[in-house]
Each structure stands twice: as C-alpha cells, then as structure tokens.
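4 protein chains.
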Amino acid sequence: MIVEMRTGSPDEEVEGVVQRAKSLGFGVQLNLGTNKTVIAILGPNTGQLDTDIFAVLPGVESVTRIMKPYKLAAREFKGEDTKVAVNGVEIGGKRIAVMAGPCAIEGEKQLMAAAMVVKEAGACILRGGAYKPRTSPFSFQGLEEEGLVLLRQTKRQFDLPVVTEVVDPHEVSKVTKYADILQIGARNMQNYALLTEIGKTKCPVLLKRGLSATITEWLTAADYLLAGGNENIILCERGIRTFEDSTRFSMDIGSIAVLKRSSHLPVVVDPSHAAGHYSLVPSLAKAAIAAGADGLLIEVHPNPKEALVDGLQSLTPSDFSRLMKELKPIAEAIGRSI
Amino acid sequence: MIVEMRTGSPDEEVEGVVQRAKSLGFGVQLNLGTNKTVIAILGPNTGQLDTDIFAVLPGVESVTRIMKPYKLAAREFKGEDTKVAVNGVEIGGKRIAVMAGPCAIEGEKQLMAAAMVVKEAGACILRGGAYKPRTSPFSFQGLEEEGLVLLRQTKRQFDLPVVTEVVDPHEVSKVTKYADILQIGARNMQNYALLTEIGKTKCPVLLKRGLSATITEWLTAADYLLAGGNENIILCERGIRTFEDSTRFSMDIGSIAVLKRSSHLPVVVDPSHAAGHYSLVPSLAKAAIAAGADGLLIEVHPNPKEALVDGLQSLTPSDFSRLMKELKPIAEAIGRSI
Amino acid sequence: MIVEMRTGSPDEEVEGVVQRAKSLGFGVQLNLGTNKTVIAILGPNTGQLDTDIFAVLPGVESVTRIMKPYKLAAREFKGEDTKVAVNGVEIGGKRIAVMAGPCAIEGEKQLMAAAMVVKEAGACILRGGAYKPRTSPFSFQGLEEEGLVLLRQTKRQFDLPVVTEVVDPHEVSKVTKYADILQIGARNMQNYALLTEIGKTKCPVLLKRGLSATITEWLTAADYLLAGGNENIILCERGIRTFEDSTRFSMDIGSIAVLKRSSHLPVVVDPSHAAGHYSLVPSLAKAAIAAGADGLLIEVHPNPKEALVDGLQSLTPSDFSRLMKELKPIAEAIGRSI
Amino acid sequence: MIVEMRTGSPDEEVEGVVQRAKSLGFGVQLNLGTNKTVIAILGPNTGQLDTDIFAVLPGVESVTRIMKPYKLAAREFKGEDTKVAVNGVEIGGKRIAVMAGPCAIEGEKQLMAAAMVVKEAGACILRGGAYKPRTSPFSFQGLEEEGLVLLRQTKRQFDLPVVTEVVDPHEVSKVTKYADILQIGARNMQNYALLTEIGKTKCPVLLKRGLSATITEWLTAADYLLAGGNENIILCERGIRTFEDSTRFSMDIGSIAVLKRSSHLPVVVDPSHAAGHYSLVPSLAKAAIAAGADGLLIEVHPNPKEALVDGLQSLTPSDFSRLMKELKPIAEAIGRSI
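Quick mapping for you: the protein sequence lines, in order, are chains A, B, C and D.
The first sequence lines up with residues 1 to 338 when you count with the working numbering.
The second sequence lines up with residues 1 to 338 when you count with the working numbering.
The third sequence lines up with residues 1 to 338 when you count with the working numbering.
The fourth sequence lines up with residues 1 to 338 when you count with the working numbering.
Please note that a few of the clues may not be correct.
Intra- or inter-copy, both count: the list cannot distinguish identical chains.
[As the list claims (entries may be wrong)] Calculated lysine-lysine pairs in the DSS-like style (CA-CA distance at most 25 Å, straight line):
1) K325 x K177
2) K78 x K36
3) K83 x K94
4) K305 x K36
5) K305 x K68
6) K328 x K200
7) K325 x K94
8) K109 x K36
9) K94 x K202
10) K36 x K22
11) K119 x K109
12) K202 x K325
13) K305 x K22
14) K78 x K94
15) K174 x K36
16) K200 x K174
17) K94 x K328
18) K200 x K109
Derived from the structure by calculation, the hints contain no laboratory data.
All of these numbers come straight from a predicted model, not from anything done at the bench.
The shape of chain A in the complex, shown without the other chains:
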C-alpha cells in the first residue's frame, strides 16, 4: 500500500502514518521525493487492509493499493488451475462444459423436452430455474420447490447433472438436496448473507458476475465462499451494464483472459443473458470458447415463443444443435474438446 503525503506535509504527519502502520504490524519504507514524501506500507496482507485506515490521517493526499483485496481466489495463492468435479463432469479441464436448458422450469413436459435436446446435442449439464428473481413483482416468479422436484426427476431420467439458482440463505440446504451446482445470480453476487451460507457447504457453485461488479470485486466475492471452506467455485461472466443498448448487457470478453491471469478458478460464459436476443447468442458463444472460457451456460427452450421467461434470448432445439456442431471445430482449433 502506497501512501502519498501532501506537498510540504510536516514530519509529524509523516510520523503519524508510520506509527499507524507499525501499530498494525506492517513494515514501512519512506520515499523522500523532491516535492513530497511517499510511504510504502509493506507486509504480506496489505491487500486485505482498508485504504481508509491511512487515508483519514492528517496530511495524506492519496492511498493506492498495490496488492489486490482478494486473496484466496488469487493465482498467487494457488498456482495450479482449480477443476470442479460435478457428478463425473469436470469443469476447468480440457473438455469445455456446456450447461444448457430453459431459464425457468415451467412444467414437466417443457423440462423433459429441453433435457432431451440438451443431452442429444452433447451438452453435459442441464440448467433450469425454480426460483426466479424478477425485476417486476407482476412477473412469473418460478415454480419454487415443485420446480426442484421436476429438476431432480429429469436429472435422473437423463443422467445429467443440474444447475439451479438459490436466492434465499435459508433455502441453501434445501436446494443443495436437489442441485449438483448452486447458481448465485448476478444480482446476488454481493448478497453476503447468501454467500456466507453457501460457503459453508461443499456444493459446487456457479458465481455469476454482478451487473456492475469489477473483476476485483467478483474475485473478492469468491473469497467469501472460499473463506467459508467451499473450494468448488465456477465463475460465470454474463455481461456488464454499459451505455450500449443494442445488446441486453455488454459481454466483457476481456474478463476471460484477465481471470486466467489473476485467478485459479474456472470461468464459464453465459452468452444468452449478455446478448438478450437469440440471433446474437452463437457469435458470443463462439467468441467465448476462442477466448479461453472453460464452459458455456446457454438458454434453450423447446418452444421459445411460449416461454414464460426470457424467450427472446432462448435458442430453439435446432438452433442449439447447430451451434453445438459449430462450436466443436473451434474448441479443437484451440486444442480442447467439447
């Protein structure tokens, strides 16, 4: 951590900063420039220190963090790539994992039809939401536990692990009974009550990036889960909020390479929510694979025209099958399989 003093700041103010750093157990190195003093605060855990601790002291102009605020999710903490095992499917390995299915579970027939398409096209995990966080209270809110039951039934019939969202910290243990992967939605990325509860389980988690979360904040949210003892974390890029309005969100394709550099956790991409329109999904899915993503989360609906939620961004069965075929050579071109 670097503390820049104001020009002409007197010795007592410099000393105040030095004393605070020492009282917290940190080392200190003074850098005396011609105009101003810059103080380096040294030690292994300066990343977890709040910058305010120094910024409030008299004479301080600015405080700059050098170490990242996340720790357990960092590549520096764990050198080798984390691979998350989900009922025989590995996420983060050589094979790219495609998770697909409807946004919301609407009923047995719909879910079964979706599962069949997903299985036949070669995806390895079924997605489906039972609890749906909706922006409007007047929208369909999901089938809740009834949906979970359908999900388990479908999972068994098709031998497909399932991923589903949990929204309430007090329902974590219930959902864990049905799901192979717990999804934390974008709007809950910093719902710490929920993160803390899920951190206590060992259940694999898909942690979606918040709409306006920086990568640093996202990895710090992952630290909540890791600090609780859950190491089975899969990150999911799903687009960020920007000024551009021709897509629903702006997929941050650069996050994939940044994460591979900064973290050991696997990364999957959700092109459906980023695009908001089915016609844009294939282009984003291909880009994600080429950029190095470890998997995809794609919305597929047996009949998007009748979907209760997010129909416009759902692929039809035939579009999904075609996309899976098109992804295969791209995966191979970068030395992976799908």
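On the provided structure of chain A, position chains B, C and D as indicated by the hints.
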C-alpha cells in the same frame, strides 16, 4: 407497447402478433407505413407485460415499451406526494429530514457521542449499521444484534428515531423491533426475497438505489414493496457506478427531478457514499437540497480517524455542525426548512 | 416515430401533434388507448427526424424512435455485404484481413523491421501512425509528414498496403497521397469537419468507434462519410469505456454480431487498444475472429520495450508470429481463411 | 510512480527497472517486502511519464501513477483561483456568470429575441452556435459565418459578450474575430489539432468535458491549451455518458468539488445538455450553484416549439426569467451573487 415488423413481413406474421395480443386481452391498432407495419398494443397494463412475449414472434423487428414497467410507485398511479411518518418526523413534507450517524455501530461510547452531535446539530434521525455488508470477508462485519440493542438504547436516550440496515429476509421481524426505518442497501435493491419480506411489514423503508440500477428499475423494486402492502417507502439516491474514479460513485443529481416527475415517493440523498471523501460531502449535500431532495443521509463519526468502516467519507462533529448551518439558508432559499 | 400523449391530454393537443406531422409530410395514425392516446408518425424517413420536433409540443409525454437515425449504413438500405478493395486486398470477403504494425512510426529502421515481421507472419496490411493524438501535450506527437514518407517507402519495399491516421481536415488530401486506408481515430469519430472532408474522397476509411459511442451513433457517423460519396468504409471496434479497469477499455464483442445484422459494412477489431496489455491481446484476437470479424488491427513493434507509444500493448515479433499461427485454425473452423 | 515487481522476480529484473529510471534522470527507492519488491520512481515530473515505459520491462507486475498526468491545470501548480476576464465580465469570481441563449443561431429575429430575454433576466453572456456538430448528416448544420455576423451584431446592440463554438482548427482565427469566448464542444475535447490552434490565441475558451472523459483527462486537455500559452480557460461540465437513460446525460455534480480541489480553473455547468428536457433544467441549475459552480450555460429559445436544434432542452423566456429569480437566493445563501 409498439411492435415493429420487419420490412416486407407477410400478413400471417402481422396476424400472429395481433392474435397473441388479443389472446392476452389487449387492444390492437395497425399502423401501415410505406415500408413496414407497426402494431400498437393497447390496454391499461401493457407496462407490466414482458416485451419478449411479442419479440419472439416471427417477423418482429423490435418491441418498444411505452408504458413504464412500474405501476404502484408511479405518479400516474397516485397524484399526491407520499409523506412517510416516522415517530413524529415526516419525510416528504416541507421540512428537509437529515439522517446522520456512523456507518457502523462500534460500541456504546461511539454511538452515544455520535447521537449527541447529530441531535445538537439539528438532524432528526440517527443512522447506524449493525449488519454491515462488506466487500471483503476479512473486514469488520458489524456488531449484529448487540448493535441493535445499543441503537435502541441510544434512540431512547436522545429521543431520535433510528434507521438501520437489514440484510437477511429472516431477520426482518427482529430488526423491525429495534428500527424506525429499515434500510435496504444498494447491493440488495434487487434482493427479491428481502423485498418481499419487508413488503409484508408496515415499517418505513429506505430503499437505496442499486449501483447500476436505472431509475425505472429502482421504481420497479419499490413496486415489490408497495405490492406487498407497505406504502412507507423512502427512496435514497447514493451514486451510480460510472467510469469516473475521482469520486467513489457518481451521484446522479438528475434523479431527483426525474423522480419528482415520475413518482409520488419521497427522495433522500446519501452524499457520503457517493463522494467517498469527507471533503466532497458538503458540496454534494448542498446540491441535493437545492435540487429538491426531501432529506439527506450523512455519515458522521465522533472520530473518523478511528472508524472501523468508511472513516474517509465520515464528517467530524465540527464539520457536520458547520454543514448543518450552511444548509439552512439553502433550504430557505427554495422555500423549505431544515 | 411514436408519440405518447399524457393521460387525459385534450383533443387540441393531439391535434397539434397531428398537424405538425402532416405539415412535414408524414402520415399519422391515432391509437386510442383506454388511458391515453398514442400517435404513430409514418413515412420512409422518420429515422432522420429529430424526436424533439414532437417532444416539445404541449401534451406530449414521450417520443420513441422506431426507425434508426442512420440510413445509408443500414442493412435495409443495402442488402449485400460491402467489400472494400485496398490495393488488391479485399476487406469484408472470405479472407480475414490482418493489419499490423507499430502504433507510431519512430524511424526507418523500426518501421522496416516491423514491416518484415508483419509480412512474414502473413498479415496483409501495414499500420503505422505519423500523426498521434496524445492525451498529454508533453508526450511524443508523431513524426508527421516525415513519418508518411517513411510509410510510403516501406509500403513499396514490402508491397504492403498501409493504413495511417489523419487528424486534421486540412491534411486529408496530403495523407491520401501516402495512405491506402485513412484511419479516423476513436476520439475523432464525431469530428464532423474531418468526416465531411474524408467523405469527399474515395479513399478507403477505417472508422474507429468512439470510446462512448453507441453502435447507432457509430453507424450514423458512417452515414456522414457515405452521404459525402465515400462508400469504402471499414468499421473498427476498439473497446468502449466502462467501469471495468483491469483492461484499458472493454471490447464490445457483441458489436460484431449486431453490426452484421444492422449494417452492410465490414468490421475489423483492434484488440490491442481494447486490452492495453500484450498478454491479453491473443485471447481477444481469437474471440474477434470466432465472433465473425472481417479483420484485425494489431500493434506489433520490433522491440516493445523501447517503443515511444503504447509499448505495453504491442506484441513482439515472435508473439505476433505465434498468434498468426493460432488464428489460422480458428478462421478455418468458421469457414474462412487468414 | 510505483513499480510492483512479480513475486520472486530476480535481481536482474529489479535492476532493469532501476537502470531505466536512472537513465531518464529519476531517483529510485527500493521497497523490499517479504514477498515482492516495490520500486518507487521519484522526481518532479513523474506525472508526465508514460507508465508503459516501466510496465513493458521484464518482471513488472503493475505500474501505478501517484502524480497526476496534468500539470499546468493543477492546483499544485498555481495556488490561487484563475479568474477569466471577458469584456468586463469576470468568470471565477464572487459573481456567478450565467451564459444563455439558443443552441443554434437560426436568424436575426430569433437571436435578437433571445438576447433581449437573456439581458432582461440578468444573464451576462449570450450563447449561440453558428457551427453545429450534429450526429446526423441529415440535420441542420448551422448558419456558419452568417451566424457569426448575426452574433456580432446582436452582441453590439445588447452589449453582451458572446460565446460560440469553433469546430475546425483552420477557422479559429476567423471565429476569434467574432467571439468573446470560444467554445470547444464535448466531442472535440480531445481534438488535439483544435486544442493546439486555440492554445496559440489568448481568447477565453470554454472547454466542455468529453462525454466519457474522466476529470483527469479533462484537465490534461486543458494542459494542451495552457501549454500553448492560453491561460483563459473555463471548464464546462455538461454531463457524462452512463447507463441511465431518463436524462440525456448524467450530470456529474461531484466534478465541481473535485475540480475546486484539484485545479485553479473556473467551472461552469451546462444543465441543458445534461438534462435533455426543459422540465429538469431548473433542478440541475440550482444544484450546480449550490455545489459551487462559477457559472451556468443555459439554452433559452424565444419559441422552443419551433427551434431547429435541441428545442426540448431549451427554456422559454418566461421559464428562464423565473429560474433566474429562483437562483438569486441560492447564490446568496452560499455567499455569492448572480
């Protein structure tokens, strides 16, 4: 809702849209341009309709919402201004309500000292957090129920209503016993499990705007509370996330006038979180009052240098007293009091 | 264009809108809802109409544009893909065009060395800046005309067409003598004096997207060039400004699919400026190809450690050669060549 | 400037950074942490150094700038406030300067009528555009030199200094003959050819903030003008581009306090472009004054319903007169006049 068909879209496709609209009970008006057909979907509740319902149909180029997706929070739904009564203090009336106090409750001495400053300077509500959602799991997380007990004790001693945050839907009933106003934090604005639970109470709520929430989404979140039966909602602008990094967030000063036009709910402004630095708080606080805000939420700490949370954006007692004196003539200049 | 009247707006106000539309030669269709009147303004050129023309009239609540404000760049205006011919190289065809070279021309030796690398690795166009728009007046501003002379010399020696930036409308004719493609920088995307001047030439243009330009604004800027008579336009996505700061800009990978849908113009991607760091460039370059871009603009420097401008985002010769080899199978996987 | 080395970076790499710093004439201070070495680069002009110079060297993890990249516009460079004298009007002094008038000059009658309103209501500078940078080539582009002539005529008749935009570097000398203040539009904030030309004059300049420019970039653009020798610079906040779409731009009210802290230059605010709608302008104008702005730039049109440009954000004469009356007590409340 306006449905634009593709250029040269055949009659069957137009008919498909018309039939879907009619099947949902809406009226339809065709607008035949020289190049393309535009279909208006008419009815009182088109705002609550998901645009996807039409966007997925064959031949549809775009769907544009005319009515807003929120309903109960809209000025059109309720013409007169909502005034929220909090233990004798009215929010949304002629007098501007200043809520002040520490970000986090750290102990009895600190809270008492803060309350005394707040009371003496003329603020009417005490703020203080017992449950602190922190970006890092390694940071101080709040005193929890012990903090609530201190808050109630201080409230009685100084005869000041109190506002405090609730983060877990299952703690709503507990927090309601201690708090006069429940705060929903920015990161929980779309935590629907929490909104639903608070909507069931009649307790006044301070609904902070999400970091990247549009005003429309914010008012739609308010609809969750209103739809549950809780009409005592106070909106709180606290800055949005943008590319600018010289302030912690960018305070959206324009939101005040937009809300006054679009909604009947009172609006307060939190200049402390928007600024991120104590030296910028007074300018933002004055601007908020001049722009028409109904109140302020300001962080004040008896000794910011020792604050466990957000010390840099907290005002000292003397800075807060000076600010209160400076705000008074501005309030009077626009025909209000403080 | 859709004009929404306020609830309860009287007939005279509706009539005012109708009369204005008719006076401008547009058709009008009234949509009488239960609560409010919505007026559709119909005609082939409503996209080029300013929404303010109706929004200022009494009783108008909102005005929504259905048609896009751009016209000549639209897919609806020209169905087939535009292919730009540049001295024997075609941009927008089956073969993906890679343009590479140093950000700034620093001298003969540097430019020659770069050209050799670019040529040998299989790129088809050489890039190099002679006029450098720099954020600081204290930074290197480019070799100016001396750089153009070097560029021409190198181009002849290596038989590589060249792309270079022009920043002043009065230098367009001069730069045209040296360049095969004129580059319009991101900060000049809405420099209309410059656009107008370049629109008068027939010289191929690389129109970079502005840092905070929507795709609609970008295509409207292209309309300036097209309206002037220059049809040889290549769009270049180079990242947009967002809150994320781990990359220099956020590459809007979604823009590629959106542009292919909305426009007939070819699209190339500049992963170097988007990334800001050489280690992230390959991932973005691969993603761009997989997403459907028609080309790439990549910064390559014989010795990035000594580069005067943008060294950090420049690839070394060996990194560039490796990337070109890695791009080849991806191009083939999507049915193209490189 | 702080250079963070990678964990375990060998001595040669550290030495490489040290050597480069020394070769550029800078001092160096090593900070040896337990895990990694951090190198402080010391000297008076490190702010003007490109971070890439060190970031490209082997073993470097990150480079952080401590000093700001702007110099001449900085408060540290010049302690006292700059006051710009414009034909007897002072901008940056105790009296708040209101500049008002139509967006575009449409003709003699319109400009005269606007000037009369502006003068009578107590504004001290007339604004009016002769060259209009328009997003669409199909929109009205301004009266150009004819407009300048009208502006001079009106200025003489009403004894009001005038501000008008210049868009082409080669027209600077011409526009200077007519204008008392040259306006640099938001889209030209980084048009360096234009900045350089205007920097050579002594004519007062209104430098609008770019749509997506950080405050740091804005002040660095001001450095271009200052470095050229023009010290008469007025900064103008006019809203930044964000995801919020209920206003045309998001007025960054925080920029006023930040600029007062970081720079000696006066700041005026344009609430009209930020709002995009006349009904929101008064709230923003009041906020700007309360926040500490030195002036306002407001669009006023004798008949907004017939305006050729930006009618929706223009105030009518009576709305403007009322606003001026409402601003007076706010100015007095903060110890200023208007």
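Verification of the hints:
{"no.": "1", "hint": "K325 x K177", "result": "neither (33 Å within a copy, 47 Å between copies)"}
{"no.": "2", "hint": "K78 x K36", "result": "between (38 Å within a copy, 16 Å between copies)"}
{"no.": "3", "hint": "K83 x K94", "result": "within (10 Å within a copy, 38 Å between copies)"}
{"no.": "4", "hint": "K305 x K36", "result": "between (65 Å within a copy, 22 Å between copies)"}
{"no.": "5", "hint": "K305 x K68", "result": "between (45 Å within a copy, 23 Å between copies)"}
{"no.": "6", "hint": "K328 x K200", "result": "neither (37 Å within a copy, 46 Å between copies)"}
{"no.": "7", "hint": "K325 x K94", "result": "both (18 Å within a copy, 21 Å between copies)"}
{"no.": "8", "hint": "K109 x K36", "result": "neither (71 Å within a copy, 37 Å between copies)"}
{"no.": "9", "hint": "K94 x K202", "result": "within (23 Å within a copy, 49 Å between copies)"}
{"no.": "10", "hint": "K36 x K22", "result": "both (21 Å within a copy, 19 Å between copies)"}
{"no.": "11", "hint": "K119 x K109", "result": "within (15 Å within a copy, 58 Å between copies)"}
{"no.": "12", "hint": "K202 x K325", "result": "neither (34 Å within a copy, 42 Å between copies)"}
{"no.": "13", "hint": "K305 x K22", "result": "between (64 Å within a copy, 16 Å between copies)"}
{"no.": "14", "hint": "K78 x K94", "result": "within (19 Å within a copy, 43 Å between copies)"}
{"no.": "15", "hint": "K174 x K36", "result": "neither (58 Å within a copy, 45 Å between copies)"}
{"no.": "16", "hint": "K200 x K174", "result": "both (14 Å within a copy, 24 Å between copies)"}
{"no.": "17", "hint": "K94 x K328", "result": "both (13 Å within a copy, 21 Å between copies)"}
{"no.": "18", "hint": "K200 x K109", "result": "neither (35 Å within a copy, 35 Å between copies)"}
Hint check: violations occur at hints 1, 6, 8, 12, 15, 18; the rest are consistent with the structure.
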